[in-house]
Amino acid sequence: MSATLTDLGIALGRVGFVMLFVLNMGGLLTWVERKQSAVMQDRIGANRASIFGLRLFGLFHPLADAIKMLTKEDFVPARADRALFNLAPLVSVVFALVAFAAIPFGDVLRIGGREIPLQAVTLNAGILYVFAMLSLGVYGVMMAGWASANNYALLGGQRAAALMITAEVAIGASIMGVAMVYGSLDMMTIVRGQGAALLPQYLGNWIPKWGILTQPLAFILFLTAGIAATKRIPFDFPEGESEIIGYFVEYSGMKFGMFMMADFVETVVIAGMTTALFLGGWQVPYLAADGFHFPWGADLPLSHLTVVTLQVFVFWLKVAVMCWFLMLVRWTLPRFRYDQAMRLGWLGLFPLSILNIVATGLVLLWRAP
Amino acid sequence: MRLRQRFYLVEVLIGLGITAAHFFANLGRHTARHVFGSKTARGAVTFQYPEERRPYSPRLRSLHRLVRREDGSPRCVACMMCETVCPAHCIYIVAAEHPNPEIEKVPERFDIDLGKCVFCGYCVEACPEDAIRMDTGILEFSSYSRRGMIYTKETLLGLEPAEPDGTPRSPIPIPADRTPNL
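Protein sequences, first through last, are from chains A and B. Residue 75 in our numbering sits at position 75 of the first sequence, with consecutive numbering throughout. Residue 15 in our numbering sits at position 15 of the second sequence, with consecutive numbering throughout.
Bear in mind the hints are in silico, worked out from the structure with no lab data behind them. None of the hints are false.
As a list, the in silico SDA-like pairs of lysine to any residue whose alpha-carbon atoms are at most 20 Å apart:
#	chain 1	residue 1	chain 2	residue 2
1	B	Lys153	B	Val77
2	A	Lys68	A	Trp31
3	B	Lys153	B	Met80
4	B	Lys39	A	Phe57
5	B	Lys39	A	Asp42
6	A	Lys209	A	Ala368
Far from chain B, by Cβ distances over 10 Å, these chain A residues were calculated:
#	residue
7	Gly13
8	Met19
9	Glu33
10	Arg34
11	Ala80
12	Leu128
13	Phe131
14	Tyr152
15	Glu168
16	Ser252
17	Pro285
18	Asp299
19	Thr306
20	Ala359
These figures come from a predicted structure and were not determined experimentally. Even glycine gets a Cβ: it sits at the ideal position worked out from N, Cα and C.
Let's have the full structure, built from the sequences with the hints guiding it.
Structure below.
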């Protein structure tokens, strides 16, 4: 009985840890977005929200946002479908939040004779799960577009649907190459595979076999399609705030906030996926389960707990750096026109990712014993 | 477009390089300022306005003031030149006899309606006595009513010229309809 309870506790702990991190990262990203864009543009950025005169570089602005959104009028248009209108932001944010569950944030933790995989849910088709959750998120957006009884919202919803199909196909096809190289759809296995050495017969143990080195084209394609999947600039035409305002034109208060939140959480998910698939996930270069083994012969033995802590820390660090990069892209590029994004997706990303699969297959065949 | 531009990715990377360079350079300057206490490093071009004012040009035309004589009475002789030249008709003067026979007249009332004023500076140009100037450096005048935008002789006489860098020396005159710290 107590064993079951412990198991339940561990499961809840894993889920809770991931939830905590993703939610906090998402909330923090609103601050990062303001501050990073400001620093990039030689500005200071929002810094006026203060608690007892304490400003902390504007860190209280997400809090102020939340208070503002919670106290605003919750408006529902008279002709809107009430049930779907209220459901849409929930669908959007929930699927974005659960998507992170299959991404491993560390290796197996051994405590008290138990082996706990550091992953919210252990799935042998983890990639497909993340992928499915990300695409389900667009239903919330489409629902919002249809239920608002507003033509602009409808346009935004349809654009979001078109964009999502474009991005999904490219994401799916570009991931295939990674799955082929590491021979699994389980994200834990893929991350483990990236700990091996790249071309050991030529390069020795110097360079780890990270996805970005084995699949550079897939990395670019996945990142582009991933940015498209987050519906943020340069692919933000579902919003298109200067022309149609987009699917959330009728939303106010916290419901609008949930759509915003979903966008930020999706950014974290894409950053997490990129990290796990291409940047070695929780792998630290030269760090094995019993400590560092440097290729020049030096060894640094570490305890199991230290290794796991280091891995978890490095994983979140990589995710944070990827978030930074996605923000950099968001604040550098102008928006694609609808037809340009469609052309890029269907005539650029999709054929290239098919090409990548074929090339990967040929190389694997050639190198097979 | 050239092939490189049509390919897009190279141009994107160049653009990202520019913005990332700005990001890291500014981050370094912010760190030097806030962590290491450097006075000269500025990571942003922003002036934190109410606390920090940018230096104004000495030629800036700001809120008017009436110049005083040594005895404190206005230097103005109520010749109506400024009222005549004013394109916005925002100056209203009522002349009165000055006790000193050497001086022609004195304004009994001198009102400027800042809601109408276009800050052209013609009044300063027209004045033969150099009695009105626009060098207070004060730009913040607002009111909840049109009545509150009318500044009277007493207010205008009480203003001082700005510092050489444009910092106002006088406090901002607060109209009667606006309570302080609202």
